[in-house]
Amino acid sequence: MALNISKFSDDLEGLILRAFQLEESMILTYLGKEKFRERVRPAFQKEENADESIDKYVKELPEFNTGYQSWYSESLVVVRQLIPDRLDDFVSHYQKPRTRKDISFENYKMQDYLQGLRITRGGGSEVVVDQSAGIPQFQQQRAILASAKARFTSSLFEIRQLVQADLFDSEIEAARELLKNKFLRGAGAIAGVVLEKHLRQVCDNHTVKVAKKNPGIADLNDALKNASVIDVPQWRQITLLGDYRNLCDHNKAKEPTVEQVTDLLDGADKVIKTLA
485 MALNISKFSD DLEGLILRAF QLEESMILTY LGKEKFRERV RPAFQKEENA DESIDKYVKE
545 LPEFNTGYQS WYSESLVVVR QLIPDRLDDF VSHYQKPRTR KDISFENYKM QDYLQGLRIT
605 RGGGSEVVVD QSAGIPQFQQ QRAILASAKA RFTSSLFEIR QLVQADLFDS EIEAARELLK
665 NKFLRGAGAI AGVVLEKHLR QVCDNHTVKV AKKNPGIADL NDALKNASVI DVPQWRQITL
725 LGDYRNLCDH NKAKEPTVEQ VTDLLDGADK VIKTLA
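In this note's numbering, the protein residues as written are 485 to 760.
Hint data in this document are derived by calculation from the structure and do not stem from the laboratory. Built from N, CA and C at the ideal position, the CB exists for glycine as well. Only true hints are included.
Below, simulated DSS-like cross-link-like pairs (lysine-lysine); rule was C-alpha separation at most 30 Å, straight line:
1. Lys736 with Lys666
2. Lys754 with Lys633
3. Lys738 with Lys681
Ranges between beta-carbon positions, derived for each pair:
4. Trp719 with Ile619: 32 to 42 Å
5. Lys754 with Gln529: 43 to 53 Å
6. Ser588 with Glu743: 41 to 51 Å
Sequences and hints are given; from them, build the entire structure.
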């Protein structure tokens with residue numbers, strides 16, 4: 485089985501490049517086309533047809549609102565996996581604060597930018613805050629994502645976690661083959677083992693201690709919730725997955741359904757990819 489490390493690295497490089505292009509798109513919107521062209525002209529001054537090259541560069545920049553949504557979703561997973569200690573910071577530049585009473589340049593967030601929020605007073609004569617306030621928020625998100633690359637390439641990041649992720653992917657695929665051939669209990673049992681191993685690794689990552697010598701999914705899930713590593717909705721979802729696993733493993737009086745085993749496989753796959 486080949487490791488996906490090189491692919492992971494390429495995907496991360498792609499996200500970093502897209503972040504640069506999205507920032508350029510923001511600046512284009514803020515400056516306007518003519519001022520933006522003059523801003524980037526020095527980078528094209530050695531080219532024979534500089535104006536054509538600049539036009540092509542501007543034309544190929546992504547539409548920000550559409551491009552940002554997919555970039556944010558993908559980057560969120562990377563930050564959660566590689567630098568979980570920066571996750572809250574990354575999200576804070578996107579989400580509007582619940583306790584915000586007024587809107588200023590300092591507390592303007594990416595959600596505001598995507599809605600085109602602009603605050604004025606004096607009948608519109610004075611601009612309090614506009615979309616330009618979103619640029620530094622996105623620049624911070626871009627910098628956080630870039631720091632994930634340093635974490636990935638440094639000795640601080642343990643390659644064994646990527647190896648384990650590859651193994652889990654293979655086991656989930658094997659479980660899907662069993663499900664396809666109607667071996668429901670076997671498919672659910674494999675997914676349950678994968679989920680349990682991953683939760684144990686997450687506990688280790690966050691130095692969460694579990695009292696039991698041989699903890700199961702429920703024990704690990706409770707420990708992670710008590711340590712505030714996961715929230716209540718995540719805890720409930722994992723509890724349900726644990727119930728499905730037990731149905732496949734232990735309850736011989738009742739057969740699991742295709743829907744339950746499918747939910748177990750999909751849920752376990754989601755947990756191992758989003759919870760680190």
